[in-house]
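Student: Please take these sequences and the hints and turn them into a complete structure.
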Amino acid sequence: MRLGVLDVGSNTVHLLVVDAHHGAHPWPAHSEKAVLRLAEQIGRDGALTTAGADALVAAVTEAKMAAARLTADDVLAFATSAVRDATNAPQVLARVRAETGVRLQVLSGADEARMTFLAVRRWFGWSAGRLLVLDIGGGSLEMAAGIDEEPEFAQSLPLGAGRLTRDWLDVGPDSNHTPSAAAVAKLEEYVEEMLDAVVDEMTEIGWDRVAATSKTFRTLARLAGAAPSSDGLWARRSLTQTGLRQVIGFIRHIPPSKVAELEGVSARRAHQLLAGAIVAEAVMRRFGVEVLDICPWALREGVILRRLDLLEPAQDPRETV
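For the sequence shown, our numbering gives the first residue as 27, with consecutive numbering after it.
Some clues are possibly wrong.
Pair by pair, the computed Cβ-Cβ distance ranges are [said to hold, decoys possible]:
#, residue 1, residue 2, range
1, Glu214, Ala77, 26 to 34 angstroms
2, Met91, Arg70, 28 to 36 angstroms
3, Arg278, Gly127, 42 to 50 angstroms
4, Ala209, Trp53, 40 to 48 angstroms
5, Lys59, Pro116, 22 to 30 angstroms
6, Ala55, Ala77, 29 to 37 angstroms
7, Ser153, Leu337, 19 to 27 angstroms
8, Lys284, Arg312, 27 to 35 angstroms
Keep in mind that the hints were calculated from the coordinates and are not lab data.
We treat Cβ as the ideally placed atom computed from N, Cα and C, and that holds for glycine.
Tutor: Printed below as a string of structure tokens:
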């Protein structure tokens with residue numbers, strides 16, 4: 027079947043269309059995204075702004091039209107932390123449905139972590155042993171750990187790169203200045219406090235292999251020397267604590283407008299990279315992770331795999347009763 031996934035994230039609205047069937051590798055047929063940075067369009071009252079809601083409706087409309095052109099058999103539409111945490115989420119969801127006909131399912135943070143964990147487990151397979159999976163999005167940090175396809179521990183914390191940039195660092199995409207040392211120090215302290223609540227429980231579970239997904243981790247790994255995207259999906263990529271600290275030491279002293287010029291950095295997310303790096307470093311240090319592997323599959327693939335699991339496998343015509 028041709029299956030579409032519409033992911034309304036904290037940074038982008040991303041439509042992924044794949045061709046797949048039960049038990050098969052889902053092969054991408056089409057991918058398109060609109061960068062909205064919804065996590066940065068939350069007002070002081072905690073509500074998504076009118077401009078943010080307008081942009082969301084327009085992006086969902088475009089994605090729906092694209093899915094129809096591509097003859098997708100089904101489209102799974104979901105939203106994550108930016109919409110989930112907005113105080114006016116019910117009104118925004120109702121408006122999207124009324125104006126586009128698309129019903130967005132809001133994933134909880136724990137479900138987001140579970141779906142991402144499933145994707146990573148399928149990518150690396152059972153030989154990976156006990157997995158720890160990390161994902162830094164625009165609005166939240168997801169963590170999950172376990173030995174099976176369903177993690178023993180799944181947790182979401184409001185430590186997304188976009189959210190933290192908005193709340194703690196006075197920089198934007200075109201900023202020609204760096205955040206103050208005091209602002210960075212306060213952000214680091216906040217991240218440490220948020221992690222205090224989960225470190226003990228996570229480390230008690232234990233793991234054999236650590237994997238990370240998300241644009242933030244991929245960009246940090248690239249800056250630390252990992253293979254470029256042009257090397258293809260199967261190239262092994264990793265990130266070490268040492269490499270990450272070197273990246274942080276570099277990017278914290280140059281403005282986002284210059285970070286955006288670095289190879290592998292998205293110009294529209296460059297200002298979020300420092301906040302994301304601070305979270306990544308704190309998590310790796312607190313969990314004692316010296317090196318992690320970058321997984322190309324993440325939440326969208328997890329949603330697709332879960333949907334495919336619900337399909338009845340096609341009957342082999344060679345089978346006899």
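Student: Evaluate each hint against the coordinates.
Tutor: To see whether the hints hold, each was checked on the structure:
no. : hint                                : in the structure
1   : Glu214 - Ala77: 26 to 34 angstroms  : holds, 31 angstroms
2   : Met91 - Arg70: 28 to 36 angstroms   : holds, 34 angstroms
3   : Arg278 - Gly127: 42 to 50 angstroms : holds, 45 angstroms
4   : Ala209 - Trp53: 40 to 48 angstroms  : holds, 44 angstroms
5   : Lys59 - Pro116: 22 to 30 angstroms  : holds, 25 angstroms
6   : Ala55 - Ala77: 29 to 37 angstroms   : holds, 32 angstroms
7   : Ser153 - Leu337: 19 to 27 angstroms : holds, 26 angstroms
8   : Lys284 - Arg312: 27 to 35 angstroms : holds, 30 angstroms
When held up to the earlier numbered hints, the structure conflicts with none and fits them all.
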